[in-house]
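K.L.:
Residue numbers (the working numbering), protein chains in the order written: chain A, -5 to 298; chain B, 4 to 677.
Possibly wrong hints are sitting among the right ones.
What the hints assert, rightly or not - A few chain B residues facing chain A, derived, Cβ under 10 Å:
id : residue
1  : Asn356
2  : His442
3  : Arg458
4  : Arg501
It is worth saying that the hints were derived from the structure and are not from the lab.
Note that CB positions come from ideal geometry on N, CA and C, so glycine has one too.
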Amino acid sequence: MSTTIIPSAPQTSTAFGDLQTPHTKSWQRFLRVFLGRKVVIFGAVIIAILIFVALTADWITPYDPYQQNLRESLKPPSSAHWLGTDALGRDTLSRIIYGTRTSLAVGVNSVGLAALIGMTLGLLAGYLGGWISTLIMRCVDALMAIPPLMLALAIGAALGGGLNNVIISLGISLIPTYVRLMRGQVLAVKQSDYIKASEIIGSSDLRTMLAHVLPNCLSPLIVLITLNLGVAIIAEAGLSFVGLGITPPGAAWGSMVNDGYRYLLSNPILSFAPGFCVMLVVLAFNLVGDGLRDALDPRLRGTL
Amino acid sequence: MDHLLEVRNLTTQFKMDNATVHAVDGVSYHVDAGEIISVVGESGCGKSASQLSILQLIPTPPGKIVGGQVFFDGADLLQFKSDSEPMRAVRGGKIGMIFQEPMTSLNPVLTIGRQIVESLMLHLKMDAGTARARAIELLQVIGIPDAEQRIDHYPHQFSGGMRQRAMIAMAVCCNPKLLIADEATTALDVTTQAQLLELLREMVHRLNMALVIVTHNLGIVARYAQRIYVMYAGRIVESGTAKEIFGDPRHPYTVGLLKSVPRLDEPKGAQLVPIPGLPPSLTQATTACAFYPRCARRVDACQRDAFPSLTQINGQHYVACHLPVTQPSVTASPVVMPTSENKRAVSDETLLNVQQLKMYFPVTKGLLRRKVADLKAVDDISFAIQRGETLGLVGESGCGKTTVGRCLLRLYRPVSGEIHFEGRDIALLSKSQVRSIRHKMQLIFQDPYSSLDPRQSAGDIVGEPLKVHRLVKSKGAYRDRVAELFQMVGLDPNLADRVPHEFSGGQRQRIGIARALATNPSFIVCDEPISALDVSIQAQIVNLLDELQDRLGLTYLFIGHDLSVVRHISDRVAVMYLGRIVEMTDCESLYANPLHPYTRALLSAVPIPDPFVEEKRGQVILLKGEVPSLLNPPTGCNFHQRCPIATAECRQAVPPLRDAGANHHVACFHWGGL
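Assemble the whole structure, with the sequences as input and the hints as a guide.
P.N.:
Next up, the structure:
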């Protein structure tokens, strides 16, 4: 009697998923989510323009950024000089355009260096634990005890000025936050059963670390990276101020903000224009970073 | 109003970004003073949302009580604003509520006493001294030893069961007329669960309160509830007295639920009948019967006509189904398969032989991580598993059963002992040596949400072991094997490039099982593989495990705390208590003739989903106190402090696991009776 109502072949027919969301390939979804938001496109366009400007600086500048003309010094914006001139009579717009090169190079490279080293150390410390973790974390604590700019100054003083040394000294001073954030993430992710599962199926530590731990730790680090870009660009000004950064007459946004500071009341545009550029870069990288984080997060599938 | 609480046509919705969730859809029920009723259903069916709506505790927005009336003590509660004076007087004052998570429902920075006193002073306008005295009295009533001292303790100093007792004390401190227990015992062990439910039942009788038990556990319902409301997809589909519902279930969903849970009193070999498919998402307002896609007895009218209204069958028995009311129901218990006699042949070959396994975790203190003690999670355990057999390992949380499983898989390196697997001692192998045997033994995890890497696609998850062990030669072979594994666990191979997030809990568990099967293992540890799943899905997974064992000749170690499920799937069962095996025998004799007093108490604490059987079972054996800490285990027999038959001998010596005849082993001095 009772057998008449048993649904037939429950095992094979029941579990076939009636998933609610239509399926797209992962790269299609990536593009759809990433480009689906107007602010993200806005950020991406700004970054594209800045990169274009940096690459073509030699051709698109109206004046030579290093050409001094003391008779034309401290001119307000005009049709000849769109953003005016500085104390030495150099065209501000041309200097900003050239500065894009330096500032982007400093920002991207120093943060990239810090993120690469910091995340590697954090991953090792968090995953391996034990004395390796103790060693790495105590070194990081020591680095953190010194204010970042002081640290960069000290390293800069040891290495000397110049673009590459600015990148290195800023990069090192930014490492501690990455190590700490990464280690915290790793410790949390390591608790997940899927890390145990990876061990159970026989994966090596290296495979587990790179294939499972690392990708699941990235979200907050992407945010940190985008925030740090602005920090690095501004910090370059501090280094330049004491003569350890970009040596004059080289143009960089940070040092331009610094140079214009003395004329803040009479010619505010000298500081504001490069300052606005820094803001634009930080904003653009932030927007793109957020878009990237969400587009790469599979947990948001279905909602985005 | 003649009922204490009468809910009429309550409708609650949650407005999400792009959809409206119809969480509670026209629910009506009532409770009388001194009555215990139960609201049953699977997760997401609206049973908690309906209770929270009564108290207007729904987060607004996104939630909103759209319509209905809630008459409590003669007044319609819904006419009051959520934060109005009369509503606040009702909450905590006249209606008490106990939540599921004792960890999060108590404030961790206030003492237990402060939290009770606060409520007493607020609702009963007591002064601080009287309130404190009353709080101590309450804690004593609720069964907390040394209440005078314990009242000044913080929640983290209480065990889970103690915390839930404190929650009950808080809920009843203002003499409420109605108590709502929302999955209040779900997170607790069976023996603690039995203690607390007995306590609640006694309080209901003594104080003439009404109690609403919200649960998914049909056994609890059968044992305690007088009347039952079965909910599905935000609506009540059947209601009646416990005997009406269990004796003569009419709604196909109720019948399905009863058929999908294993029962302790059923003959072994019964096959569970899962409800196919998945519960519906409540985002679409369905006008027709929501159970239609999963219904075994559907007719065309079900899809065409409006949702059936509750129709009286007889007495208090109502059902919302298009099937004729006169049509008798079918037997609502798991079906006994006649073929299951000659099921699988357990071979004579010993696959796994564990001897004197010990796993201690060092407890360290201070900056230099000085070792101060050993936490003896597994203390001298020996057992063997034949090829093709399922050994069940039961015990309450913290008894070391998961640790045993992880030692066998060599996720932990045991302190001492031998683990002979396929004739080779793997207990002390080095990490790289272990890697070479990994493909032979696998693990199925408890939590299908955290055991799958959220950033991998389902196909990559299942296929990873193939790559790690280089089991496939070409890309084509890889794809074929992954597809084969998907089919083996009842998943559509076309879903391979979706990520875990897109699957339901049951489907995720299937992915986990497919991953475990990828390397053709001979031995699988199932670590509570179904306890995180809904009742109707549990049966699907249990049947799948059974079927895979038959087909692939697998050997299981099935770890669980649900004795009915363990009994259903296992050939032999070992019962653990505080790191030791106290009883081990084949399934039949353990349940028919338990020898160890702990096993007896455990079995007695498990409610059977049948009020007729429950009535005859008599008094539950309640254990005294709580499970002792592993850091400070009792001397002699671990169980002697809670044992009803302990003697001086038990306090001094550890009883060995002795043969009590017919392959029945028990670690008790008095198993033959005193």
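K.L.:
All the hints need checking, so say for each whether the structure fits it.
P.N.:
Taking the hints in turn, this is what the structure says about them:
{"no.": "1", "hint": "Asn356", "in the structure": "violated (21 Å)"}
{"no.": "2", "hint": "His442", "in the structure": "holds (6 Å)"}
{"no.": "3", "hint": "Arg458", "in the structure": "holds (5 Å)"}
{"no.": "4", "hint": "Arg501", "in the structure": "holds (6 Å)"}
The structure fails hint 1 only (numbered hints given earlier).
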